Amino acid sequence: MSDAGPESAAEGFARIAASRLMRARWTLVAAAAAILGVTFAAGGRWLPALAAVAAVACVSALTPWRTRAMRLAEAGAPRSPVDRLSALRLAAAVPDPLVVFDRSATVVQANPAAGAAFGSLRGVDLRLRFRAPEMQELIRLALDDATHPAPVDYVERAPIERLFRVAASPVGDGTGLFVLVFRDQSEARRIDRMRADFIANASHELRTPLASIAGFIETLRGPARNDPKAQARFLEIMQAQTERMARLIDDLLSLSRLETKPLAAPGQSVDLVQVVAGVADSLAHLAAEAGVAVERDLPAGPVLAAGTRDELTQVFENLIENAIKYGRSGGRVVVSLARAPAPDEGGRAQVEATVRDFGPGIAEEHIPRVTERFYRVDAETSRAQKGTGLGLAIVKHILTRHGGRLSIASQPGQGAAFTVRLPAA
Amino acid sequence: MHIVRSFDEDLKYLSGRIAAMGGLAERMVEEAVSALVHADEALARKVVADDLLLDVAEREIDEKAIGIIARRQPLAGDLREIIGAIRISADLERVGDLAKNNAKRVVAITAAQQPVRVVRGLEALAELALGQLKDVLDVYATRAVATLASVRERDAQIDAVYTSLFRELLASMMEDPRNITPCTHLLFCAKNLERIGDHATNIAETIYYAATARQLPERLRQDKSHAVTLDAATR
Chain L
3 MSDAGPESAA EGFARIAASR LMRARWTLVA AAAAILGVTF AAGGRWLPAL
53 AAVAAVACVS ALTPWRTRAM RLAEAGAPRS PVDRLSALRL AAAVPDPLVV
103 FDRSATVVQA NPAAGAAFGS LRGVDLRLRF RAPEMQELIR LALDDATHPA
153 PVDYVERAPI ERLFRVAASP VGDGTGLFVL VFRDQSEARR IDRMRADFIA
203 NASHELRTPL ASIAGFIETL RGPARNDPKA QARFLEIMQA QTERMARLID
253 DLLSLSRLET KPLAAPGQSV DLVQVVAGVA DSLAHLAAEA GVAVERDLPA
303 GPVLAAGTRD ELTQVFENLI ENAIKYGRSG GRVVVSLARA PAPDEGGRAQ
353 VEATVRDFGP GIAEEHIPRV TERFYRVDAE TSRAQKGTGL GLAIVKHILT
403 RHGGRLSIAS QPGQGAAFTV RLPAA
Chain F
283 MHIVRSFDED LKYLSGRIAA MGGLAERMVE EAVSALVHAD EALARKVVAD
333 DLLLDVAERE IDEKAIGIIA RRQPLAGDLR EIIGAIRISA DLERVGDLAK
383 NNAKRVVAIT AAQQPVRVVR GLEALAELAL GQLKDVLDVY ATRAVATLAS
433 VRERDAQIDA VYTSLFRELL ASMMEDPRNI TPCTHLLFCA KNLERIGDHA
483 TNIAETIYYA ATARQLPERL RQDKSHAVTL DAATR
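Sequences listed follow chains L and F, in order.
The opening residue of the first sequence carries number 3 in our numbering; numbering runs sequentially from there.
The opening residue of the second sequence carries number 283 in our numbering; numbering runs sequentially from there.
No wet-lab data here; the hints were simulated from the structure.
Because the structure is a prediction, the values reported are computed rather than measured.
By construction, the Cβ of each residue, glycine as well, lies at the ideal position given by its N, Cα and C atoms.
Do not rely on the hints blindly, as some may be mistaken.
[Said to hold, decoys possible] Residues on chain L that point at chain F, a partial pick, calculated with CB under 10 Å:
(1) W28
(2) S88
(3) D104
(4) S106
(5) G125
(6) R129
(7) L130
(8) M137
(9) R159
(10) R371
(11) T373
(12) R375
(13) R378
Please put together the full structure from these sequences, using the hints given.
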């Protein structure tokens, strides 16, 4: 009402009243016609009828045209492209999970990032979904006094561990809606954990080869000082040990790198036929050395999986290399590839690859545990095969990131089959 | 939706309390294992203290549920939901007890040097059990009961890892009698984690029944530890 400055209060009121009457003119005409019509039909007196018409006109001149809610809505009415921007579109563009909920803590809106991180949330009671004591407290505080409670840290464990800093606040004024914003802090935390894990694992696993090298050095400088034959043998062993340490560090770094990568939906569509054929070619030398024939049972056309080529290559490298090394007594390894007969739990189509060997197999009690880091069925064989104890841990981690799965079947004496299932692209 | 709105609020209160209990139970299991792996006595004491909160919550849920039954005389789905809440809170309270028991063993276990391999196995077992508990409680939130089948598949994995750990601990005790004390405690810890998986499966069954009025089909037991023997001569 900034333009109401020069006119008096009475003039101002008259202007507003006139505009209200103007807006309601057709309703007023209809009301007057109805009242007069009824009076005429009933043969009543005209004076009260005219009074009624005047009363209706007065009311419409005095009452504001718009309700409070309409005025509030108009206050935020579009003025520029930014004002016209839908809140939902804006939320969808935010890469962090963002969840809008009402007074009963029920989710009314979740942006796509929230869907990707936590699954479908719409209509779900937040307190049921986010059960960690800190989250319960945060939601309670937000609902209670509608202020800005201090953000809390929240860890979502599946499918891979993610750490979020979560803030809650009311949305707008008197909307009765609140918003939870999740900021992904996983990377910082994973790097911390990676450092701790790396030190713990590396120190434990490197100690053995290091101790043996130290022992040989002592022998070389002492008792074997003048024995060239022994020296040559010891140096050979030492070289093998240093190679083992180097491989171990490579594998540890590779696993740590995988664990620090953020969980992104694998974008590419990868032809597994090419991947498997490529890996089998690159391992041909190793297979020939071990006297193992790698048989390929691959379909003629491409089999597409959703994933990252490098990582999937790493999966098959590890599986086929393992099959050659640990199943060499069987003399052959069969790699087969096909579309899976059944879709996964979410109803998505899957592809299935199996690496089968015909070696000694894996005893039942070891099967559930072979994907643990440094778990070795038989430490002697593993050492002889230059295994680091990390191959299957890497495979499992990559598959988890891809929404895939590794299953292992084995009968002792008849070999083992490692089956990989991946979402089809 | 019910005509009496406060009835809805009662039911919502119950499910909210169950979720809070679940969150606390999950946290306790996690912290108990972390206390064991990192030999953190303070954390172990915290887990023991937290168990009290679960006991209180269970009693409150019981009283509230009985109150609702007495006042509203619910039928069909509502009745199943309320009875389900009583059963789930009992399972969660047991999960808390088992986590507390693991926490209590921390001092005895960490007094001696631990075989790294067993501790890693225990971590893997805890991860599986926690994953299962989380999945089940997530289904309680979303009521997507179709996904409960995979929860039970995980139970089979837990049993298999448990059997493997059992064997390993037995072997370690036979190797060196000094291992017997820590290994016995670790054995109980593993058993407790396996039991937590069982309680999660129970909760899954309760949720399924409350939502559909049908029972989940009977599952196969994978726990073969009762048949494990180690022949001393072969070692």
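Go through the numbered hints given earlier and state which of them the structure violates, listing their numbers in rising order. 1, 2 and 3
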